[in-house]
Amino acid sequence: MTVRTLASSNGLWCVLLAAGGSRRLGYPKQLIRYRVRPMILNAVDAAESVTPGRVLVVLGAHSLRLRALLARNYGNLSIVNNTSWQNGIASSLVAGINAVPAAARGVLVLLTDQPGVGSDSLQRLVDAWQRQPGRAIAAGYGGGLGVPAILPRRVWRRLRELDGDVGAKAVLRNADSNTTVLNMPEAAFDVDTSEDR
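Our numbering applies: residue 1 is where the sequence shown begins, and numbers increase by one.
Simulated from the structure, these hints should not be mistaken for laboratory data.
Heads up, a few of these hints could be off.
Unchecked claim - With beta-carbon atoms standing in for the labels, derived distance ranges:
1) 116 x 65: 19 to 29 Å
2) 174 x 64: 19 to 29 Å
3) 133 x 21: 28 to 38 Å
4) 133 x 173: 33 to 43 Å
5) 98 x 53: 30 to 40 Å
6) 98 x 133: 19 to 29 Å
7) 27 x 81: 28 to 38 Å
8) 189 x 45: 38 to 48 Å
9) 188 x 119: 32 to 42 Å
Predicted model, so just to flag it, every value in this text is computed and none were measured.
We treat Cβ as the ideally placed atom computed from N, Cα and C, and that holds for glycine.
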């Protein structure tokens, strides 16, 4: 049985958050090229490598442009349109969680602006999830924890209560989330300003 088969049989889906407006950057960060391709395509490739056919991309700002790019590169990619993207990352996270099928047991939450996170990083999270499917699994970097992370269904109610620019980190830090933290220094770098490009 392959790793991909195991990930599918565990009911794991990926929610790729790509709805932000990139106000500080002044350009859609999802389209910034990293290793030749736009970051959103690199993130989709990494997600598809560990949750093949089970990737939901949440779009908001720049959705027409991003949807066209995704359509040119992927056939059956599932897109979730977050019309409330201006309300912050929590609205995108909730939109993604609400679009996951009822049979899903966990979601891998991934961002487009962490170019150092690739297939190998995500595979480490999936491997940990397969060993401990009831636990939240988070990346550890910069002295804390965050995404990418795998969140089991039992914490989704708390995710749905988030608001504004509060993301999954708030739930991961909660003691009853039973979070396993994997050292992932490559997740520390994200693109927020023109100096990061």
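Each hint, compared with the structure:
1. 116 x 65: 19 to 29 Å: Because 24 Å falls inside the window, the suggested range holds.
2. 174 x 64: 19 to 29 Å: violated, 37 Å
3. 133 x 21: 28 to 38 Å: About 35 Å separates the Cβ atoms of residue 133 and residue 21, which means 28 to 38 Å holds.
4. 133 x 173: 33 to 43 Å: violated, 21 Å
5. 98 x 53: 30 to 40 Å: The hint (30 to 40 Å, Cβ to Cβ) is violated, given that residue 98 and residue 53 are roughly 19 Å apart.
6. 98 x 133: 19 to 29 Å: holds, 21 Å
7. 27 x 81: 28 to 38 Å: violated, 21 Å
8. 189 x 45: 38 to 48 Å: violated, 18 Å
9. 188 x 119: 32 to 42 Å: Between residue 188 and residue 119, where Cβ atoms are some 18 Å apart, the hint is violated.
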